[in-house]
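Q: As a plain string of letters, each chain reads:
Protein chains: 2
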Amino acid sequence: MVESPDTSKNDQDVPREAVVDLLGLLAYGELVSFFRLTSDALLAPTLTDKAALAGLASVEYQHYAQLRDRLTELDVDVETAMRPFIPALDAWHEVTQPQNWLEGLVKAYVGDGIAADFYRQVADALDGDTQTLVHGVLDEGERAAFVVARVREAVDQDQKLAGRLALWGRRLVGEALSQAQRVAQDHPAFAELVTAGVEESASDDDDGVGRAPARLTEGYSRRLKELGLAT
Amino acid sequence: MVESPDTSKNDQDVPREAVVDLLGLLAYGELVSFFRLTSDALLAPTLTDKAALAGLASVEYQHYAQLRDRLTELDVDVETAMRPFIPALDAWHEVTQPQNWLEGLVKAYVGDGIAADFYRQVADALDGDTQTLVHGVLDEGERAAFVVARVREAVDQDQKLAGRLALWGRRLVGEALSQAQRVAQDHPAFAELVTAGVEESASDDDDGVGRAPARLTEGYSRRLKELGLAT
Chain A
1 MVESPDTSKN DQDVPREAVV DLLGLLAYGE LVSFFRLTSD ALLAPTLTDK
51 AALAGLASVE YQHYAQLRDR LTELDVDVET AMRPFIPALD AWHEVTQPQN
101 WLEGLVKAYV GDGIAADFYR QVADALDGDT QTLVHGVLDE GERAAFVVAR
151 VREAVDQDQK LAGRLALWGR RLVGEALSQA QRVAQDHPAF AELVTAGVEE
201 SASDDDDGVG RAPARLTEGY SRRLKELGLA T
Chain B
1001 MVESPDTSKN DQDVPREAVV DLLGLLAYGE LVSFFRLTSD ALLAPTLTDK
1051 AALAGLASVE YQHYAQLRDR LTELDVDVET AMRPFIPALD AWHEVTQPQN
1101 WLEGLVKAYV GDGIAADFYR QVADALDGDT QTLVHGVLDE GERAAFVVAR
1151 VREAVDQDQK LAGRLALWGR RLVGEALSQA QRVAQDHPAF AELVTAGVEE
1201 SASDDDDGVG RAPARLTEGY SRRLKELGLA T
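Top line first, the protein sequences correspond to chains A and B. Under the working numbering, think of the first position of the first sequence as 1, with each following residue one higher. Under the working numbering, think of the first position of the second sequence as 1001, with each following residue one higher.
If you are wondering where the hints come from, they were derived from the structure by calculation, not from laboratory data.
Once the Cα atoms are required to be at most 20 Å apart in a straight line, the calculated DMTMM-like pairs of lysine to aspartate or glutamate come out as:
(1) B:Lys1160 to B:Glu1103
(2) B:Lys1160 to B:Glu1226
(3) A:Lys160 to A:Glu226
(4) A:Lys225 to A:Glu140
(5) A:Lys50 to B:Glu1094
(6) A:Lys50 to B:Asp1090
(7) A:Lys225 to A:Asp156
(8) B:Lys1225 to B:Glu1103
(9) A:Lys50 to B:Asp1077
(10) A:Lys225 to A:Glu103
(11) B:Lys1225 to B:Glu1140
(12) A:Lys50 to B:Glu1079
(13) A:Lys225 to A:Asp117
(14) A:Lys50 to A:Glu103
(15) A:Lys50 to B:Asp1069
Computed list of chain A residues with no C-beta within reach of chain B, every gap over 10 Å:
(16) Val14
(17) Gln66
(18) Leu74
(19) Arg120
(20) Thr132
(21) Arg150
(22) Ala154
(23) Val173
(24) Ser221
Just so it is clear, CB atoms sit at the ideal spot from N, CA and C, and this is done for glycine as well.
Working from the sequences, and respecting the hints, build out all of it.
A: Written out as structure tokens, the structure is:
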């Protein structure tokens, strides 16, 4: 379980539209992750690995269901909330289709991971309940352990893989930033929430907005290192 | 929750090999159902229906995980237990690939349904714990409600669909029986368990074995009727 962050914020502090945008974006992201992990599972070298990826996909579905239920509580249809984000997320998956099992795993850990880092920052501008929900659905524990173990194992056996997969990781980040800019341009209320979230999560001596890209880059480097990949 | 059936049977009454066969067959069946429902979801007419099928697939994965855990308790590797049943189940899905959304739904309800009826009969020869597990993983409540509603709606709007989908249903049953014979031939211990289960579940005035095909046909007709399809 994720602890409820100590916060005095409430829904009135941010426009409802921005909260619905965040929940809709996350819901579609989780649903797409479900389908993508399931399709990546077909690249698995063993039936056990294939089943493990099906398990990770099911976790993404549970997260989707939580976000859908929260939107229903807010009297918003989940499909309506997700619709504006379909083009950007579909485009990101279209240009980052893994060609093999390891590329799929790196994408699940690095690609979804930096997206999660970003969403977590945004959530810091929200009320406690929404924060708790967002942090919960972004929990990567099980997925991270599985991916890190499999990728490190493969890289240990063939060092040449490290450079190739690091290159793939850089491409994932570049494409993600490009789609994020598109979303920000199309959704000004959401973009303001992003700025607020980054300021909120910055420590006192940080320049919130200025630090945002630096924080994402740090997270990205940490993830590549975890996987045993050269940066 | 499924109630534990009242039974005095225990594991000693049937060969361990047959129990492992049943659990392995069911586990692979659930795993394949997960992937198949997910792939059928791509045929969904709306994002909401697509998400609903992802939800049904996740339920199948949970069932797989329960069977895997039970096999682990019995000190059997799930992949080893599933392996013998891969050819028959893959062959069944290969020759019954739905060409559209409604065919996929009918397959999920009629095809998986008669398989479930069959497994439930087999489980009647087993000890209480295994019976409870098998009845639990074969629970079709959520799937049935979704499929019946969607298919009836479509048939109400276009009566010509009824005949076409009924024909598809008959093909599913024919192919299922053909693969079942293959499994029985290759797994004599399991085939004996099937006979025992059918005898067990027959009422006092039934001729157990002789009634088996009749009971499956009854279940099949009931399912087609539920869907609003001519038989």
